[in-house]
Amino acid sequence: MKKISVGVVCLARHTFDVPAATELFERTKRELRSMPEVHFEIIEEPVIETDDAEAAGAILSEKHLDGIVIISGTFHLGHLALILHKHIQKPVLLWAYEELPYNGGKIRLNAVCGVNLNASNFYKAGIDNYTCHIGNTLDTDWLNAIRVKAILRSAHVGIAGYRAHGFFNLDTEDLHVFHELGLLVDHYELSELYEQETADRGGYEHDIAALDCSGITDNQAEKVARLAASMEEFIKKNKLDGVAVRCWPEFATAYGIAPCAAMALLTDRGYTLGCEGDLEGTLSLLACRALSDEAPFMADLSQVDFAGDYALMWHCGVAAASLAHPKTVKSLDTYFAGGKGVTTDFVMKEGIVTLFRIDTARGKTRVFIERGHAEYMEKELRGTYAKLHFDNHVREVFGLVADNGIAHHVAMVYGDYIKVFSTFAAMMGYEVVTTLK
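So the sequence shown is numbered by our numbering: it starts at 14 and just counts up by one.
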């Protein structure tokens, strides 16, 4: 996971129970400092007056923050959060502690009203990158949404070749991506992927030996290992966090095999590669990487069965072998590109999954989000795939995809990250396309 930096300020007012709020804040500070992969820049004392807010804002503005948590310890002046935002224009969590029991007929904190005040001020000032939270512990979904935003903004991403032939719906504009996410895209020739000089095969021959290779030749297996090692060297040399690959039609002819199996091996080692030159699909995979130690999977919504209410999340053999169901046979095989399409083949494991895609259409960036449950099925097809039942009927899901022109690739990750991705979309001002309520 990417380490992020978050500022923390607690607001208060002397007409309320500041000692109680301070005690809660002390507990919060201890909890925050125990969290892994987050550096918290904490203003130690409650901010009460406007001068306090100016001083806190000046301190935090010198830090490289990814977001800021503004805690309403009690109700407070409306100036304070606005002053902080003036100094630190980053995504904001407006957080209120739960109200304490009465101890003399007076509201002790009135913190929720403080969040209401701040949210109203922000909204009417045209500040939209805020999220509200009520509770005594930090909203970790917001924190993870910050992590997604940070990993995308700092990413170095490349395209090798171009989008696949005829896949116009995967096209992107480099400067639109820069405007939306702050990252620059570099372009490379396909040959750079397989022409890197490597001293050895990087141990990939051992990864291949763990698979059933009866469906391919020794020469094809050797080519997979050589390609994986060359691609890894290419990624390291260019310091890439992700790369979208034009994996067909010319790759197999130029190199001798398609890159699917090599991409699967690299994915299992933590690298992020997208199929068919799909840049936004690759960015979606990177977003999933920000949340889970398990490999994500770029999938097509395939074999939609309205009667059985399921679809196969399938692609032609690029899933990491670590995602295979324990009952399935993990193999390398070839079934396209005139016998040169070497792929991984297996049924993926069971579990809750989240589907996510950053998708631009008509000058507007949206995110597609759905949740489903993968169940086991017998291995009947080539490629890697999961049989998925969605929260809502597959007819409704497919109708939504078609009606909104969502591209035919989505990132699939095991786990429930619906709230995280919804919060990320709100931070970015993106429309959410989903059947979930």
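Do not take every clue at face value.
Claimed, not checked - Only pairs whose alpha carbons sit at most 27 Å apart, straight line, appear in this in silico BS3-like list of lysine-lysine: (1) K377 / K343; (2) K362 / K343; (3) K353 / K16; (4) K103 / K343; (5) K119 / K76; (6) K353 / K392; (7) K377 / K137.
These aren't lab readings, by the way, just hints derived from the structure by calculation.
How the hints compare with the structure:
1. K377 / K343: With a Cα-Cα distance of about 40 Å, the restraint between K377 and K343 is violated, given a limit of 27 Å.
2. K362 / K343: holds (12 Å)
3. K353 / K16: violated (41 Å)
4. K103 / K343: Violated: K103 and K343 sit about 45 Å apart, past 27 Å.
5. K119 / K76: violated (39 Å)
6. K353 / K392: holds (22 Å)
7. K377 / K137: Within the cut-off at roughly 24 Å; holds.
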